[in-house]
Structures are given as structure tokens and as C-alpha cells.
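**Q** Listed below are the residues making up each chain.
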Amino acid sequence: MTASSTTPPKPRRAPGLSRHLLGWLLASPLAVVLAAFLVVPIATIAVVSFWGATEFSIYPAFQFDNYEFLFSSPVTYTVFFNTFKYAAITWICTLLIGFTVAYFLAFHIRNQNLQIGLFLLCTIPFWTSNIIRMISWIPFLGRNGIGNTALIQMGLIDQPLEWLLYSDFAVILAFVHLYTLFMVVPIFNTMMRIDPSLLEAARDNGASGWQTLWNVIIPLCKPGIMIGTIFVVTLVMGDFITVRFMSGSQSANVGRLISNDIALLQYPSAAATAVVLLCTVLLMIAVMLRFVDIRKEL
Amino acid sequence: MPPRSKSFYALAAFFALFILFLYGPIITIGILSFQGPQGGLTFPMNGVSFHWFFDLFQEQAVGDIWGSFRRSFLLGLMVMITTVVVSVAAGLAFRHHFAGSGILFYLTVASLVIPSILISLGVGLIFNQLGLKVHWSTSGFGAQLTWTLPFGLLIMFAVFNRFDKSYEEAARDQGASAWQSFVHVVLPIIMPSLIGVALFGFTLSYDEFARTLLTSGSYNTLPLEIFGMTTNVTTPVIYALGTLTTLFSFIMIGVFFLVVWITGRRKAKAGSDAGNGMI
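In the order they appear, the protein sequences are chains A and B. The first sequence begins at 1 in the working numbering and counts up by one. The second sequence begins at 299 in the working numbering and counts up by one.
By construction, these hints were calculated from the structure, which means they are not laboratory data. Some hints here could point you the wrong way.
[Claimed, not checked] Under 8 Å between C-beta atoms, here's a sample of chain A residues computed to sit facing chain B:
#	residue
1	Pro29
2	Ile124
3	Ile138
4	Pro196
5	Ala263
6	Tyr267
7	Leu277
8	Cys279
[To be verified] Stretch by stretch, here's where chain B covers chain A in the computed footprint (C-beta under 8 Å, at least three residues):
#	region
9	80 to 94
10	139 to 148
11	206 to 216
12	219 to 228
No experiment lies behind these values; they were computed from the predicted model shown. The beta carbon of each residue, even a glycine, is placed where N, CA and C say it ideally should be.
Taking the hints into account, I'd like the entire structure generated from these sequences.
**A** Here it is as C-alpha cells:
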């Protein structure tokens, strides 16, 4: 199974033209949806980013005003820096937690049913509402919330901490809470494919637990780590709602910049920011994809 | 088997903490939604009551929750069915190389990683420029598909990468047409995975926020309605709603798993070895 699942399905002999035709016929619904709701919208954003806007409407034009304004404003750089900061910190936290959780599930749980059960326990929150999961932090982080009450009772602090809710701390906590499973799943997937005889060989050759982890397991998990990284980084880079809600509108990232412009009906300006964000994200992914072939990893 | 090492207990404790971290907050608001009528957004509990759940049924207290729930449910079903059908068809197509299959594949991946707000903005702009009204069942529906279809297709890739083609070849050798071998051989084998795709399709749509934000028009879906409440509702009624909708999600997940389990048992009972090709 290992061998067959790591190679993509081999094309079977079929007459040339009819093969392409059948392929396109079967793939056409997907192609139509993606064309209408992905390609055309992105193209529209790119076009509109050169348009002009009055207070009430937008008009076709070909001007670089939106970009000029964007790149000349110091706010842009602060906000982009903030976005990278959120992405980097969230990435480190989710990677460490996700890897540890996946490692425990893959190598320490020997009963297969228990393994599947615990794995599902980790993934179920993925199928519930993100908004509710954010709201559910309020009773923990509020001024009189569980967190502050517990810390005061333990005698660690005298005054309630003000920075628990509506702060960068809350934003990152929510990101880690929401997105860690995007790390757990792909890393667990690659770990389950590691041939146990490799670990045995490492042990037989006198490798310690840490050495096995560092020299055998982590290199073999790289594709899973990459896929998890792509998910987490793109989700955090494109987010606008978590930052708005968990920071109490006090912090900004690029997504919020865009959504604020939209709220003010400044679509061309929002589109220009969106184009810059898109290019940034795609550039980051292109770099990451150099390390992994997604299709082989499914 | 070697005895449990010290690291096992450390990792088990870490895992338990992680599960607590995942579920603790939602359990907390589950408890807090039973606050007494005078209770606030945090502990202590000021009595125990169903007050806030009753509040949900009074229209004027919280806006159009039940209408938005109906819309979200219906939209979830639409997205689910479309996701399953389109993913299976595309999954079959991708089993063979065809002209442009590489581009379509990367487009699908792009659909997954593109920031949601761009889809929302772009679709909104198009409808705006074409003079069409955005509506949850048209623009909202399409925008959500860009999120659910990649998951569906990636699952189909995983399925067909592990699919033993000798079953199909056997069917063909016995004279089955392509359609017959799909319906009677391929479909039953991949059925459990299709239920998985359906689960993704429904739940991801039911909880979708960012892509629906600018594309749903004047009638809100449930997540949009809930988000609207966060800015102006300061009572535990929002916890009650959160508890109910999370409970609903859990029930749906349970139903999907039950269906997988039942189909698995029926298959085992019928004595067929279909689907055991992975050994």
C-alpha cells in the first residue's frame, strides 16, 4: 500500500482525443465553478484596483492612484508587519503543538481504534463554527473571567490582567485554537506512512529517542509540516474576522484594511490592497511548494 | 512490547491539555448558557435556568435567527450535494491525464489558499458590475463552493490513489459498460469517502463566514447573524445560541459517522470483500 499510495495514478492507455474529451467532460463542472467564482472574481479585483472612486460610486479608469496611496502610507507597512507577525507567531505555536500531538497519536497509541477515536476528537472542532469558538473565549479572558479569577486566587497577581481579552495575545490564542488541527492532520498523515522498520533500524544502531526524532522522523514528516504550514500561514494572512473580534478592533492586519475599505465602499482601494495581499501570499506559497509535491502526499 | 516510557506519560498529559484547550471554552459557554435571568457573561452562575434559550424563541429579542438558520441549513444541503457530485466527477477525470489537468489542479489548490475575503470582494464586485443582486443562494452558494470543492477533490485524490483498479478491470472483463462498472463497482467501494465529502460540504458551508460576508445579500446566513449579534448583544443569549448551533453541528457529525458505520456493517454482512483492496 505504501508504494502504491505515494505514486500518482498512472495514466491508462486510452485513445488520445476521447481521453481528453472524457476528462474535460467530467472535470467541466469543477472548471465552470472555479472559472466563475475564482478566476473571474480575482481578475475583476485586479481590474478594479486601477479604477477610481468617489464617495458614493466607483468609475472605470486606468490609474495607479490606489497603489501609490497604498505604498506611500506608513499605515500599510505597519499593518503588513503586523500580519507577518501574527503569521509567524501562530505558525511556531501551531507547529510545536501540532507536531507533538501528532507524534503522540502516531507513535504512542498502539490500539488502532483508540488512535482513530482520538484523531477524530482532534478534528471534530474543524466542523463547528469558528465564530462560536471565538466567542467561547470571552468567559475565559474577560476582566472578571475565569483566567483572571484563577490567577488572583492562586496569588500570582493582585490586579486583573487587562491584556487577556482584546489584545494581540487574544488574537494569537484564537488563531492557535482555530488552526492547530490544520497542522495535526497532515503531520499525522505523514507520520502514519513512516515504515516502523526504519525506527527499529535507528534503535538497533543505537540512536537515542531524540536522535531518532531529529534524524529520522522529522525529515520524513517534512511534507506534512509543509502542507500544514501552507494552511496555517494562508489562513492567518487572509484573516480579518479573528483579528477584529479578538482585538476588540484595536489591532489591524491586511484583511481588516481591506474590509474597512469595503465598509466605506472604497472598492478600488480595497482591490489594490487585495492584489498586494494576494501576491504576497502566492509568493510565500510558491517558495514553500518548492519543498513538497502536494499530489504525492494525499 | 516495550513498557511505557516516561515520555509516554508526558506526551499523554500534553495531549490531554490540548483536548482541554480545544473543548474547554465551548463547554464553558455550554454551562454559562444556563445562567439565571440576572446572570452575566462570565462566572459566577447567578442561578440556573432555561431563560436564555426561551429568549431565542422571541423574535424581537435577537433578530431573525430562525430564518437565518433555515437559510444556512438549506444552503448547506445545496453545497453538500453539489460538492459531492462535482468532486466525484472531477476525481474520476483526474485519474487520467488530460490536456490542462495540471492547470485545473493548481487552480483548485489556489481556491483553497486564496484569502477568503478576496473571493467575497471579487464575487460581490462582479454581481455589482453586472447589475445583479447578491443573494445567498446564487453568489453566496458559488462563493462557498470555492471553499468546499477543493476539500472534496483532495479527498477524492486520496481515495483514487488507493483505489485498486483490478476491481474495475474484472467488471470490464465480465462485460460491464463504463457506466455499469462505475455504479455497481466503483461507487459502492468509495461510498464511505463520499459520505466524508458530504460531511465537509455541509459543515463547511453551514459555518462559513468570510466568503459569505459580501455575497449573501440582505438575508443573513446563521454565522453572519451570530457575528452581527456579537456587536450588540451583551447577554448570555448569545451563549445559548452558540450552544444550540454547536450541538446541531455535533449531531450532524454524528449522523454522518453513523451512516458510515451502518454502510460498513451492511457491507460486512453481505459478505462482499469490496473495499478491502487496501491490504
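**Q** Kindly indicate which numbered hints from before are broken by the structure, ordering the numbers from low to high.
**A** Going through the list in order, the structure violates hints 4, 5, 8, 9, 11, 12 and respects the others.
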